[in-house]
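All chains, full assembly: derive it from the sequences and hints.
Position 389 of the sequence shown, counted from 1, bears residue number 376 in this note's numbering, the numbering being contiguous throughout.
It should be emphasised that the hints constitute simulated quantities derived from the structure, not laboratory data. Be a bit skeptical, because a hint or two may be false.
Cross-link-like lysine-lysine pairs, in silico, DSSO-like; alpha carbons within 30 Å at most [stated by the list, open to error]:
{"#": "1", "residue 1": "Lys281", "residue 2": "Lys818"}
{"#": "2", "residue 1": "Lys974", "residue 2": "Lys997"}
{"#": "3", "residue 1": "Lys1032", "residue 2": "Lys850"}
{"#": "4", "residue 1": "Lys236", "residue 2": "Lys80"}
{"#": "5", "residue 1": "Lys809", "residue 2": "Lys1162"}
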Amino acid sequence: MGPLAGRHGLCAFFLIIFISGGYIRWVEAQHCVWYGECGESIKVPGKKYNCNYTGPPLPLQSEGYQLLTELCPGYDYGSRNLCCNADQLRTLKGSLQLPLQFLSRCPACFFNLMNLFCELTCSPHQSQFMNATQFNASNVVEVQYYIGKSFANAMYNACKDVQAPSSNVKALSILCGKDASDCNATNWIEYMFSTDNGQAPFPIKPIFSDMPVSGYTPMNNKTYNCTEGLEDGSGPCSCQDCTEACGPKPVPPPIPPPWTILGMDAMAVIMWISYMAFLLIFMGAVLGAWCYRKRTFLSEYGPILDSNSPLSLNSDNPDQGNVSCCETLGERFENALQMLFCSWGSFCVRHPFLVILGSLILVVACSGGLVYMHITTDPVELWSSPTSQARQDKNYFDSHFGPFFRTAQLILTTPLTGNFTYSPYFGGSNVPFGAILGKDVLHQVLDLQLDIENLVATYEGQNITLKDICLAPMAPYNNNCTILSVLNYFQNSHSVLDHWIGDDFFVYDDFHSHFLYCVSAPASLNDTTLLHDPCLGTFGGPVFPWLALGGYDDTNYNNATALVITFPLNNYLNDSVRMGKVLAWEKEFIRFMKDYKNPNLTIAFSAERSVEDEIDRESNSDISTIVISYAIMFIYISLALGHIHSFGRLMVDSKISLGIAGILIVLSSVSSSLGIFSYAGIPLTLIVIEVIPFLVLAVGVDNIFIIVQTYQRDERMPQEELHHQIGRILGDIAPSMFLSSFSETVAFFLGALSNMPAVRTFSLFAGLAVFIDFLLQISCFVSLLGLDARRQEGNRFDICCCVKLPEGQEVKTHGFLFRFFKKIYAPFILKEWVRPIVVAVFVGVLSFSIAVVNKVEIGLDQKLSMPDDSYVLNYFKNLSEYLHTGAPVYFVVEDGLNYSSPEGQNVVCGGVGCNNDSLVQQVYAASLISNYTTIAYTPSSWLDDYFDWVKPQSTCCRYYNTTGAFCNASVVNTSCVSCRPLTPSGKQRPVGEEFMHFLPMFLSDNPNPKCGKGGHAAYATAVDLYPNNKGVGATYFMTFHTILKESPDFIDALKMARNLAHNISQSMDHRVFAYSVFYVFYEQYLTIAYDTALNLSVSLGAIFVVTTVLLGFELWSAVLVSITIAMILVNMFGVMYLWDISLNAVSLVNLVMSCGISVEFCSHIVRAFSISVKKTRVERAEEALAHMGSSVFSGITLTKFGGILILALSKSQIFQVFYFRMYLAIVLLGATHGLIFLPVLLSYIGPSVNKAKVLAANMRYAGTEREHLLNY
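Spelled out as structure tokens, the structure:
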């Protein structure tokens, strides 16, 4: 019994000891670790240590009841016996202001956070999970805090998605001491408990475990998920602040696959099959017709079938059948035109001085409008229609919020190759740094930045510095300029850049560690290194690393190869004086940067005015190129017009003076057109000045050659006087000139229906200039031709008309070009075996062009608008290579939404209780699929920040109870009281008059360490208040686009933002539009394919109608002209594809112009064919080509060819691409179609001969000397 009894006694003893131990720990758990506040903190001045106290919890003073309810709702702890007093609660409230302001938008997150701190500060069970490890007299200077891992993770998970609307980042990026992507539960809590954050007065060492450790039971209180509502009625967090509440992540629609057939491009396959089918049918028909003709007829030369065959394509025998009514009408119309122009030509030759004087007076009167000439160089005016959506949106934005700020920007790289590695003293992996981030380089960059800050420009006798014009968002409290530069992490100070902490052997922290901290927490006021330097810029805002660094990968900012320094400048609407100051400073900035030299830095730079300045410079530098181009054309025209029969008659037969006069007439028509529209107040553009002379010269010179060469080939009949001869000639050719000129005029005027200002202005000026040119040519030039003919008949010298040769017989001979076309070229082109080859080749080229029409790029590479030697080209290159963010985009809510009502608030805001399809939520959802939507970040929301700012728990919204004026959070004054009571209704959003009462205070409040939600810096211009603050008008919500580099990127971004704004407008039932500074330039590309098709179709339609009428109602002739011009236009797209010419307003102007010039290549040939009275189509085509082809070739093709080649020497890339390449293509395609394809086409399917015209010609010339010419 003894041993057994002893064994039982031993067990009882150990049981008593165990129970006693548990009781002792339980008793200890009822004790505090501290109570009250004692001495000043050494590490964080202004903060106090807690007093060492290990007694039981003490009753809370009544003055602390409200604070306890406010900070720790639901934690009355029964009898309110706590381990804290009112002073500690006040300190806790002050320390948690920033977390409160940024995290309270998600109730579950903030509840969990306050749980963590309330338990730490006041829990009556403190000693159960806290251990004071260091003391200084009566002060507790370090504690250990045992926290459950599950609690920490739950708290982090509830908070990790909460947004900070004003900075477009997650709140933890501001509250975690590093970027939110690098933040986790443990390092966030460690940062909050570290003295490095400037709030904790002493170190609190968190120990994470879900199991008891060293006798301590970790604090593992209940937590709420962000999808759960709280017991006090607070709802779950919004989707924007809680990913779990969003449901599945939006999935972008799949990219439509390319249209293919058998794995090949569908258009190419279709056109290849179509072309093969055409060749088969066409060649079969040609071969069949040839075999039939061989079997039936013996003919050495003829068309496909003889005219007498019943199957003949060429059966034009006028004796077959009766004359139709339409043919009679056409002949009479033709005859009326001939008689009219014949009489007019005779009058002009008989009264030359009267006609010339009248023309001169008319030209001078019209050109007088040039004194009112205004040239538009503003890119917005050039490319954006005043009635376009983008322009109206821009005007709305500018009028309500002020124009978008201007920028001066530097992109700096270094030729140095010495990348280096930083090894943190306190452990961690080595960090590689790019050479551009070396300290010596940074010092040199800072010197440059400070030099720019100190630049002094002069405007109207006043000195202008950066401070006078820069964007200072916190003025007048902080007048420092916004400078988005990595040097602002070092307060733009050499001494801060050199700041380091260490000893004689080691460097603990220096600019490396500060840089690494700031790129992860740019809004921090105090880094967590030993330096304790702020990251916030001197202007009071953060400098986000993606704005100040370039050339890095992912978020490894230390690998950056470029620094980006941006100086935002104020922009002014309708204030020429202040705008003049900004422009003067920008000019001085550009001058300084052009002169700046540093062997260690490679700098690309640009100011807001740079593009416009360079376009102006480019235009001036291109003047010499244009002058040389026109001079070559002038010299050619002057020399080519003359028909020299012998060297002895060189000066008599030359027509230099007539050529010069013809050129002056062309220029007079241009100046008259410019003058007339200047009278009307329509501004000119550079495109008008550069393109229209070229166009009118093409049209005018062609007509000049036709008039002069027809006269030179004509033989005067016996008893026919000079004025009769020229009148007769004009009667023959003026209808053709009228046809081409009037077709072009109507086509151009209809082109003025375009919404594009550049196209509209060009079309108006060009249409009028072409028509005035025609009028001057059939009047003034005809009179001058008569005078020149008299001079030549009198054997007087050209130019020196007082010198006379001895009388000699003038021998009429045809020029070389005419003989070549008549004897060699025309017969060859129309040979039986050549014609099918011509058709096959041209249809093949057409098929290729149709296949690639949809592959022509849309847009205008901004680099092309700059001269070859422009400094801006280097800037554009660096911009696309190094930039890591896109342009800001604003979602503007138009005036009329009631923000004072819960319904109005819910359709916009992004916090608790807001609609799932609210504006902020939809933009946030779009940012989740940024690769598709091009929306990069969550939008900044003034409304959500205002709700956080006005909460009664926050110290942000206060006013003086004596005056009612706003009291900033940094002010220490007992008369400052909270705006709203800490009651259930006070915790709700403000509505009605209360909403408007506090909103102006929010918009005037600058953010500070005690209140980071002040709206002045971020939202001062975002809210347009009614007069006397009676209501809210228009507002905007800003975010950023993703990186945009090429024209397709910008076009896609505009399209996506517009789609998003449309969806938001529909869900809100209120108009919302997206606005970014580049939209006005790229909007044209959304509809340019439609605009191009419409413009060219309208022009073609106009040409068809006019040609039908003026050719004597010959419908089929008009169809053939239209088909040929359409082929030229389609082939222009083929050239654009092969030569990398994009479709934009400039190329559209050229396409419209090519439509006009093509009329010149085609209409003269077709009219000559239609009035020919030869027997067969081949003979008529040959006659038309011989007589008109040589004039068209010498008048347009050769004239333009010399002038165009000079354009290739231009320094302007836009000239080289859009003028040299496109003009060359226009002339070559026009010439080949007009002089090769069209005659062949006419020989196959040309209109039948007009029997009425044949009969009229036979009757008119029967028995005269010209009868033989009918068959000439």
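Consistency of the hints with the structure:
Our distance criterion of 30 Å between C-alpha atoms is met by Lys281 and Lys818, whose separation comes to about 16 Å. Between Lys974 and Lys997 the alpha-carbon distance is near 20 Å, which keeps this suggested pair within the 30 Å criterion. For the given pair, Lys1032 sits about 11 Å from Lys850 by alpha-carbon distance, which is consistent with the 30 Å threshold. Proximity of Lys236 to Lys80 is assessed by CA-CA distance (about 37 Å); at most 30 Å being required, the pair is judged violated.
Between Lys809 and Lys1162 the CA atoms are separated by roughly 17 Å; this keeps the pair inside 30 Å, and the hint holds.
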